[in-house]
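Model the full structure from these sequences, guided by the hints.
As a plain string of letters, each chain reads:
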Amino acid sequence: MPQGDYIDLHRKRNGYRHDHFERKRKKEAREVHKRSQIAQKTLGIKGKMLTKKRYAEKALMKKTLAMHEESSSRRKVDDDVQEGAVPAYLLDRDSTTRAKVLSNTVKQKRKEKAGKWEVPLPKVRPVAEDEMFRVIRSGKRKTKQWKRMITKATFVGPSFTRKPPKYERFIRPSGLRFTKAHVTHPELKCTFNLEIIGVKKNPNGPMYTSLGVITKGTVIEVNVSELGLVTPAGKVVWGKYAQVTNNPENDGCINAVLLV
Amino acid sequence: MEVEAAGVEEEREMNNSVMCQLTDPEGTPLGPSMYLPQSAGPKELQQMVNKLLSNEEKLPYAFFISNHELVVQLGSYLQNNKVSVEKVLTIVYQAQAVFRIRPVTRCSSTITGHTEAVLSVAFSPDGRQLASGSGDTTVRLWDLNTQTPLFTCKGHKNWVLCIAWSPDGKHLVSGSKAGELQCWDPQTGKPSGNPLIGHKKWITGISWEPVHLNAPCRRFVSASKDGDARIWDASLRKCVMCLTGHTLAITCVKWGGDGVIYTGSQDCTIKMWETSQGKLIRELKGHGHWVNSLALSTEYVLRTGAYDHTCKQYSSPEEMKKVALERYKKTKGNGPERLVSGSDDFTMFLWEPSVSKQPKTRMTGHQQLVNHVYFSPDGQWIASASFDKSVKLWNGITGKFVAAFRGHVGPVYQISWSADSRLLLSGSKDSTLKIWDIRTQKLKQDLPGHADEVFAVDWSPDGEKVASGGRDRVLKLWMG
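First to last, the sequence lines map onto chains A and B. At position 127 of the first sequence the residue is numbered 127 (UniProt numbering), and the sequence of numbers has no breaks. At position 225 of the second sequence the residue is numbered 225 (UniProt numbering), and the sequence of numbers has no breaks.
For the record, the hints were derived by calculation from the structure and aren't laboratory data. Note that the structure is a prediction, hence the values are computed from the model and not measured. The reader is advised that the hints may include incorrect statements.
In silico negatives: residues of chain A with every beta carbon more than 12 Å from chain B [to be verified]:
| id | residue |
| --- | --- |
| 1 | Arg25 |
| 2 | Thr42 |
| 3 | Leu91 |
| 4 | Met149 |
| 5 | Thr191 |
| 6 | Met207 |
| 7 | Thr209 |
| 8 | Ser210 |
| 9 | Glu221 |
| 10 | Pro232 |
| 11 | Lys235 |
| 12 | Val237 |
EDC-like cross-link-like pairs, simulated, lysine to aspartate or glutamate; straight-line CA separation at most 20 Å [what the hints assert, rightly or not]:
| id | chain 1 | residue 1 | chain 2 | residue 2 |
| --- | --- | --- | --- | --- |
| 13 | B | Lys154 | A | Glu83 |
| 14 | B | Lys200 | A | Asp80 |
| 15 | B | Lys201 | A | Asp92 |
| 16 | A | Lys140 | A | Glu168 |
| 17 | A | Lys201 | A | Glu249 |
| 18 | A | Lys180 | A | Glu226 |
| 19 | B | Lys157 | A | Glu249 |
| 20 | B | Lys201 | A | Asp94 |
| 21 | A | Lys144 | A | Asp130 |
| 22 | A | Lys189 | B | Asp452 |
| 23 | B | Lys201 | A | Asp80 |
| 24 | B | Lys389 | A | Asp94 |
| 25 | B | Lys157 | A | Asp80 |
| 26 | B | Lys330 | B | Asp420 |
| 27 | A | Lys235 | B | Asp420 |
| 28 | B | Lys154 | A | Asp80 |
| 29 | B | Lys330 | B | Glu319 |
| 30 | B | Lys312 | B | Glu464 |
| 31 | B | Lys201 | A | Glu83 |
| 32 | B | Lys389 | A | Glu226 |
Computed beta-carbon distance windows for the label pairs [what the hints assert, rightly or not]:
| id | chain 1 | residue 1 | chain 2 | residue 2 | range |
| --- | --- | --- | --- | --- | --- |
| 33 | B | Gly278 | A | Asn223 | 48 to 58 Å |
| 34 | B | His289 | A | Val260 | 34 to 44 Å |
| 35 | B | Ser109 | A | Pro120 | 32 to 42 Å |
| 36 | B | Pro336 | A | Val260 | 49 to 59 Å |
| 37 | B | His289 | A | Gly239 | 54 to 64 Å |
| 38 | A | Leu188 | B | Val402 | 50 to 60 Å |
| 39 | A | Asp92 | B | Pro37 | 51 to 61 Å |
| 40 | A | Gly239 | B | Thr148 | 37 to 47 Å |
Using N, Cα and C, we set each Cβ at its ideal position, and we do this for glycine too.
Take a look at the structure:
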């Protein structure tokens with residue numbers, strides 16, 4: 001490219017060549033064929049880069065053509081029939097998340113009795129006792145070692161009163177006690193903050209279940225009255241089971257998935 | 001001796017009389033104020049009212065003293081409520097329907113057929129036919145005797161949002177999300193003509209002209225999201241008038257008994273239009289948010305036309321017109337037609353639109369938006385369904401709050417009255433329907449069974465059946 005304006009200066013002083021415009025027009029016309037020739041002849045990596053560039057240009061050109069073709073003449077709006085029909089009074093409103101009606105409660109009762117559920121996390125890493133408990137030394141000379149402090153999250157219930165401190169073997173620190181869990185509905189993919197009613201089963205053992213320890217894989221019962229679920233018989237559902245999916249002692253919160 | 005003395009005292013109390021004045025619900029007194037013995041109960045008062053009104057047949061009445069129903073003898077009522085005997089006691093009498101509807105208790109059948117959610121359900125005015133519109137773009141007609149599908153009416157291009165029967169039962173019109181209306185012949189299930197095009201967005205409501213103004217039924221008005229209402233002629237199959245004026249979508253339209261069209265819109269106003277020229281008569285302002293639903297005090301009579309609980313058939317349109325006019329006049333009474341509007345601003349207004357531009361009462365109390373309001377068939381009560389999971393009952397003449405019905409666990413979508421105004425039906429998002437008794441103001445019957453949200457409910461005008469449809473794609477028929 002010229003570094004200076006000597007070309008423009010010459011043109012101003014002397015005007016254009018007599019065939020300048022003709023030659024320009026013809027050169028531009030040949031440009032298309034020239035490009036195509038180069039594209040066909042270039043080999044190797046250069047060829048690949050060139051084809052890629054040309055393809056991008058072609059796609060862009062097609063898009064602009066389609067855009068121009070969208071005519072300004074408005075045809076009658078014929079949307080396709082969509083799923084999820086709602087009546088006229090709900091059309092302009094966003095529907096908030098809602099949970100579907102329960103499946104048969106009889107099946108659920110049978111599962112409860114058997115103690116087996118189809119849970120999302122069938123296998124959990126077992127928690128060793130020395131990981132779960134920390135030995136607390138007590139006594140005047142700090143030699144007695146019969147007390148244990150639980151290092152995982154627990155649930156105690158609203159009417160919980162500690163045993164007299166002198167006799168209590170398992171200490172549940174109040175910092176690790178939780179009342180609420182973030183429960184996700186697996187089909188709707190929405191999460192609610194629901195109160196825990198109780199711990200149903202801890203996979204590490206019945207002792208942990210009775211202590212109320214919540215680790216990954218524990219099945220807990222949560223209060224779902226705010227979801228507004230109704231059984232086919234017409235009764236209102238207020239408790240459902242959920243399985244814990246995270247390690248609450250690491251995160252500081254309990255995340256669970258609802259068992260439907 | 002003491003027992004005797006007590007007995008004598010009682011007798012003396014019973015012989016005392018109270019000064020009473022009987023008045024009708026609108027306030028006009030019936031007969032002079034008179035002394036009534038305290039042993040008089042509702043039965044004796046009923047006899048008195050029948051005599052004073054010189055009714056040929058003994059009609060049943062309910063009596064209210066300051067909005068509480070009188071069920072015991074006057075004496076016990078006075079003692080319980082410590083009403084002073086010195087003042088004149090005003091007893092309001094209300095005519096009750098002669099017939100009594102039994103509450104429906106069981107689901108007699110679940111009819112599948114629709115392939116998408118059922119969006120609207122309507123019984124014909126004589127209660128013999130049932131139509132439902134759905135998201136699968138069809139309107140289906142159902143046979144009530146065998147409880148099976150009768151016809152499937154295909155022709156719409158998108159969801160069928162509203163359906164409406166003409167008051168003489170001869171035409172059925174449905175409106176869709178594509179903005180088109182289609183007229184069907186209910187006897188054959190075939191469309192009567194091409195779809196009526198004119199609206200640019202979806203149809204939100206359809207209302208027919210009352211049969212006492214024009215028989216046979218020809219004209220109906222349709223409201224759309226694009227903000228205008230159009231009056232169509234079903235026999236000419238074209239749009240006669242276009243009522244424009246609203247700036248946002250019209251959510252509800254009703255054709256009143258005196259020939260005025262009321263439209264409620266998302267621009268928070270209600271407009272009244274006259275039907276010969278299509279001009280705006282009045283604009284009722286007052287709401288703070290979208291007007292969701294309108295109801296007229298004579299709505300039930302306008303919808304059923306000449307048919308009532310006796311299920312008589314009429315041969316000629318003139319006869320129908322005469323009978324419909326009589327029924328309309330009887331329900332309307334002496335006062336003007338009343339209009340109630342429910343809105344997204346959680347309140348409702350009671351208007352007397354022919355009298356004044358200002359609302360008569362503002363009915364507050366709901367904690368979420370009011371989705372559906374409905375006058376009882378005799379015009380004495382107003383029921384409102386709201387997203388706060390409750391249904392509230394209000395006095396239909398003064399607009400005063402009477403009772404709240406709680407029991408649903410999800411937003412209540414639609415309500416429907418039984419033809420004798422004694423029972424109220426509500427359908428909700430929690431998939432149950434509930435029947436409420438107006439006299440005891442308690443839940444009468446719970447009707448669970450739907451698998452998903454209930455979008456539309458309707459009680460047949462003869463009171464025998466209830467139909468409900470919702471998201472689970474089945475139509476359920478309930479019987480007593």
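Here is how each hint holds up against the structure:
Interface exclusion of Arg25(A) from chain B stands, the closest Cβ pair being 50 Å apart, more than 12 Å. Every CB of chain B is more than 12 Å from the CB of Thr42(A) (nearest about 53 Å), matching its label as outside the interface. Non-interface call for Leu91(A) relative to chain B: violated, since the shortest CB-CB distance, roughly 7 Å, does not exceed 12 Å. No Cβ of chain B comes within 12 Å of the Cβ of Met149(A); the nearest lies about 42 Å off, and the non-interface call holds.
Every CB of chain B lies more than 12 Å from the CB of Thr191(A), the least distance being 20 Å, so the non-interface label holds. Consistency note on Met207(A): stated as away from chain B, and its beta-carbon is indeed over 12 Å from all of that chain's, at 38 Å minimum. Under the 12 Å C-beta cut-off, the non-interface status given to Thr209(A) relative to chain B holds; the minimum distance is some 31 Å. Every C-beta of chain B lies more than 12 Å from that of Ser210(A), the closest at about 33 Å, which supports listing it as non-interface.
In this structure Glu221(A) is separated from chain B by more than 12 Å, as the shortest Cβ-Cβ distance comes to about 19 Å. Distance check for Pro232(A) against chain B: the nearest CB is about 6 Å away, which does not clear 12 Å, and the non-interface claim fails. For Lys235(A), the requirement that its beta carbon stay farther than 12 Å from each beta carbon of chain B is not met, with the minimum near 8 Å. For Val237(A), the condition that its CB be more than 12 Å from all CB atoms of chain B is violated, with the nearest at approximately 9 Å.
With a C-alpha separation of about 18 Å, the suggested pairing of Lys154(B) with Glu83(A) holds against the 20 Å cut-off. About 16 Å separates the Cα atoms of Lys200(B) and Asp80(A), which keeps this hinted pair within 20 Å; it holds. This hinted pair checks out: Lys201(B) and Asp92(A) have alpha carbons roughly 12 Å apart, not beyond 20 Å. Between Lys140(A) and Glu168(A) the CA atoms are separated by roughly 17 Å; this keeps the pair inside 20 Å, and the hint holds.
At roughly 18 Å between alpha-carbon atoms, Lys201(A) and Glu249(A) fall within 20 Å of each other, so this suggested pair holds. At roughly 14 Å between alpha-carbon atoms, Lys180(A) and Glu226(A) fall within 20 Å of each other, so this suggested pair holds. Straight-line distance between C-alpha atoms of Lys157(B) and Glu249(A) comes to about 56 Å, which puts the hinted pair past the 20 Å bound. As the CA atoms of Lys201(B) and Asp94(A) are separated by approximately 18 Å, the hinted pair is consistent with the 20 Å bound.
Distance restraint check for Lys144(A) and Asp130(A): the Cα-Cα separation of roughly 17 Å lies within the 20 Å cut-off, and the hinted pair is therefore satisfied. About 18 Å separates the Cα atoms of Lys189(A) and Asp452(B), which keeps this hinted pair within 20 Å; it holds. Proposed proximity of Lys201(B) and Asp80(A) is supported: the alpha carbons are some 14 Å apart, at most 20 Å. Of the pairs offered as hints, the one joining Lys389(B) and Asp94(A) holds, with about 18 Å between alpha carbons and a cut-off of 20 Å not exceeded.
Pair hint Lys157(B) plus Asp80(A) holds up; C-alpha atoms about 8 Å apart against a cutoff of 20 Å. Pair hint Lys330(B) plus Asp420(B) holds up; C-alpha atoms about 15 Å apart against a cutoff of 20 Å. Under the criterion of a C-alpha separation no larger than 20 Å, the hint pairing Lys235(A) with Asp420(B) is inconsistent with the structure, at around 29 Å. A threshold of 20 Å between alpha carbons decides the hint, and for Lys154(B) with Asp80(A) the separation of about 16 Å falls inside it, so the pair holds.
Restraint check for Lys330(B) and Glu319(B): satisfied, since their Cα atoms lie roughly 17 Å apart, inside the 20 Å limit. Between the alpha carbons of Lys312(B) and Glu464(B) the distance comes to roughly 15 Å, so the proposed pair stays at or under 20 Å and holds. With a CA separation close to 18 Å, the supplied pair Lys201(B) and Glu83(A) stays within the 20 Å bound. Taking the CA atoms of Lys389(B) and Glu226(A), the gap is near 12 Å; set against the 20 Å cutoff, the hint holds.
A hinted range of 48 to 58 Å for the beta carbons of Gly278(B) and Asn223(A) is consistent with their spacing of about 56 Å. Distance hint for His289(B) and Val260(A): a CB-CB separation of about 36 Å, consistent with the stated range 34 to 44 Å. The beta-carbon spacing between Ser109(B) and Pro120(A), approximately 38 Å, falls within the hinted interval of 32 to 42 Å. Distance hint check for Pro336(B) and Val260(A): the Cβ-Cβ separation is about 54 Å, which falls inside the suggested range of 49 to 59 Å.
Roughly 37 Å separates the CB atoms of His289(B) and Gly239(A), a value that falls outside the hinted 54 to 64 Å. Under the hint 50 to 60 Å, the C-beta atoms of Leu188(A) and Val402(B), about 38 Å apart, miss the expected range. Between Asp92(A) and Pro37(B) the beta carbons are some 60 Å apart, a value that agrees with the proposed interval 51 to 61 Å. Look at Gly239(A) against Thr148(B): about 40 Å separates their beta carbons, and that is inside 37 to 47 Å.
Of the hints listed earlier, those the structure fails to meet are numbers 3, 10, 11, 12, 19, 27, 37 and 38, in rising order.
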